[in-house]
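Going down the list, the protein sequences come from chains A and B.
All the letters of the first sequence, read from the start, carry residue numbers 1 to 810 under my numbering.
All the letters of the second sequence, read from the start, carry residue numbers 811 to 971 under my numbering.
Please note that the accuracy of each hint is not assured.
Claimed, not checked - Computed cross-link-like contacts, SDA-like style, restricted to lysine to any residue with a CA-CA straight-line distance of at most 25 Å:
#	chain 1	residue 1	chain 2	residue 2
1	A	K128	A	R15
2	A	K128	B	L841
3	A	K128	B	G965
4	A	K128	B	L873
Please keep in mind that the hints were generated in silico from the structure rather than gathered at the bench.
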Amino acid sequence: MTATSDAATDRDEQRPEIGRARLRREDARALTGRTRWTDDMTLPGMVHLSVLRSPVAHATITTLDTAPAARAPGVVGVWTGEDLPEQGAMPTAWTVSEDMKTPPYFPLSVGAVKHVGDIVAVVAAISKEAAEDALELIDVDYDELPVVVDPLAAKQEGSPLVHPDLGTNVCATWGLDSVSLGTGGDAAAAIREAESDPDQVVVRRTLRQNRITPAYIEPRSIVVDPTAEQVTMWSATQVPHIVRILMAMSQPIEEHELRVVAPDVGGGFGGKLQFTREEALVLLIARRLRVPCKYTETRSESMQSSHHARDQVQELTLAAKRDGTITALDVDLTADMGAYLGILTAGIPLLGGFMFTGIYRIPAYTFHCTDVFTNKTMTDAYRGAGKPEATFGIERMMDELAVELDLDPIEVRRRNWITPDEFPYATAAGLTYDSGNYDQATDKALEMFGYDELRAEQRRRREARDPVQLGIGVCTFVELSGLAPSRVLGGLNYGSGGWEHSSIRMLPTGKVEVVAGTTSHGQGHATAFSQIVADELGVPFDDIVLISGDTASSHKGMDTYGSRSLVVGGMAIVGAARKVVEKARPIAAHLLEASTDDLEFVGGRFSVRGTASGVTIQEVMLSTWLAHDLPEGLEPNLDADFTFDPENFSYPTGTHLAAVEVDTQTGRVTVRDYVCVQDVGVLVNPMIVDGQVHGGLTQGIAQALYEEIQYSQEGQLTSGTLADYLVPAAPDVLRYRTGTTVTEATTNTLGVKAVGETGATAAPPAIVNAVLDALRPLGVTDITMPCTPVKVWTAIHEASARTTEGAVTA
Amino acid sequence: MARITVDVDGMSYTHDVEPRTLLVHHLRETLGKTGTVVGCDTSNCGACTVLVDGESIKSCSVLAVQADGAEIETVEGLAAADGTMHPVQQAFHEHHGLQCGYCTPGMLMRSVCFVRENPDPSEDEVREGLKGNMCRCTGYQGIVSAVMAYSQAAGEQEAGR
């Protein structure tokens, strides 16, 4: 049974803060320039590091002479991989299969380079300028080797090998199928049957996911102070706890010797969830020099060396009956790892493996994935991590099926999606969706969009052969968010738990410190988490402060990625708050000379049922701190720790509709309207939710229309700055129209789902479906992202040439 | 080395600088004015935007020596001495015009200059006016709303004078 939005409203009296669009308390510092980014830090005696990066994609290093650089003015030291015998191999947390190939990957490369931007040497100097000047004096000769950049080519016999010692470019293969899982039928057999059945259709397509990069605006920066008993590292990271653990597991430092702090962090989107070789290098050099060291990447370095994402070839086969009912789905995926493995690299495509079935009843499913190495920067998580890729695959295929059967793309979806009475629903991919109402969200979106009117306009413009054609695109999606449960992650060899931790400490004056294991880089944790605690403890919002992002004060946590801060971290906070209330209850009863059974706790106050007698939790706190009159055996103070490990993922859903105008004479695509109706469960702060949706949509639209990391055949990065990698600016996007439906999550007591990744997940297929919808009458049947003017123009002209040839030969 | 004097947020600073020093590095590293930040090395992102003699410029595209004698305004000088936020700051706060806040100093300074040049802009004009400043978090919707609201507030203040 799925709760409706009315049920959510009923709870509001009990929860005055949840659902309130509170302005963010984080804003004031950022608005006045009083933030502290890592690069803002200067410590006494600090030296600056710069690194030498490979200008070639694949080579053996034959000469590497650092002596002239070491003698340059202001230089404190220069090191190559051979000069740093203590450096440990960078760890890969996620080993997806027992025979997965893990190539050697060190903070400083030893003897060879594998992609443009690979690190060859590091210089320490009294200023950044002096360090950069010295880089130019390092004498390197490269013996260039054959290069492979295309993942399909990399799989072929005889392809140049990125790591010759591994004997193959195949990193790992991984699959799942509904027969082995016991969740459905045999997809291969169903597809064979469909091929010979006139009442069924089989649709096959090969789709590509363009390589893109998170492109956070704050470049990564690291400062390490080795001078105190505990070495302190400040880093522009999403994952201070994970960095600390992986540093201790891979480099010459013990966990208790290291404190990692994520101060203000300027964007992440997955781009800052890596444990980076630059972090390891700054630590290694700082410990050698025994002085604080700083490294800040330039934007060009960021484009070369912070991880990229997506970059997949998807071979999809969908079988369906003529009425549109899907009978089977087969997915064969080739995923480009780049040259090395980051902490999650090999596993990102697996996450997609669970989501290709989307919100549809698909009775038979197989997924097979091949992870391959190429001479490119490694890929890893980016907003959605595997799920946007999967959503693109299935949502493009739903449109292809609609075309094949001459059905409206909404209708073909409607005939297949899971209905509200079917929840909890076990998918063929082995997940259990807890709640959702796809009709409700879609109906609302269609109404907001004016779907029928737009279709009528589209017909008119087609008939008039308008040079600017209108296209309508749809995506009905479900996300797998809130990375946890540990038990499930264990089954995937994830290499980490998925729980989240919180401590809540009441202070003697009744104020509250909330310690969270997640860290914020713009998501408004301090505001949203305080709203949650205000409702749980019944204390004023302004009496609460959030402490996070520092392993010294927030000692346990799994950090922020995969939209887990609220659905996992938020629930840890709820659990800690409830423990505080339970700890206060017997003390309140003692103070009120009542039995705990007679007490109720409402709005921050314990009162004896049916009487005016009561005491606030803040008064209870003061009394426990004084500890003069505590019940026998009770511990003073009100604080509690709680670790939450959910029983399931979180499944936000929604319907996105895009209207695009395609100028057939120039190839330019303009998004005219974009409507999305999201179901992210209960909204804690609708303003923050909207902001997350807008940002995600913009990144998703950018993947569809603007952004692509490009390499030449020689492995040269040809989109290595923000001048040629097109991050959209304000005129490139539009005002989005958003709506909400609420089906509460049943897997957490707040009823919340996740929101951070939904926009980036749903927008690419919505936009590409719209572009193709505009162009199909011209004979265009596919286009790869990004749909740039030149690509659209070329597709139109190639289709037109095909039609002409066809006419001639006929 | 060249001796330069700049007035930053109402304080005068005289220093010897290397001729190659960019204004943004002079502000951040020599003067400790870290409110202005660096996002790219191609003058695309606009995070380092400040006002030089009233004009919004990307401080990574100007040498410090070129700013000799100039009056520079940064995000750190926007709020009143008593801490009261400038109307542009208030508008960004009320319209959720920031998330991580890294692009915010540049956005605010560009917005101040833009609204001075175009006191009654349309939404499209606001978007065009901000095209040199990148935000990766907000999708611009909150920022555009903030600048529209700020222009209205600034216009009303002007009319009330």
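Results for each hint:
With a CA separation close to 52 Å, the supplied pair K128(A) and R15(A) exceeds the 25 Å bound. Proposed proximity of K128(A) and L841(B) is supported: the alpha carbons are some 16 Å apart, at most 25 Å. A hinted pair counts as satisfied when its Cα atoms are at most 25 Å apart, and K128(A) with G965(B) does not qualify at roughly 44 Å. The straight-line distance between the Cα atoms of K128(A) and L873(B) is roughly 17 Å, inside the 25 Å bound, and the hint therefore holds.
This entry does not satisfy hints 1 and 3, going by the numbered hints stated previously.
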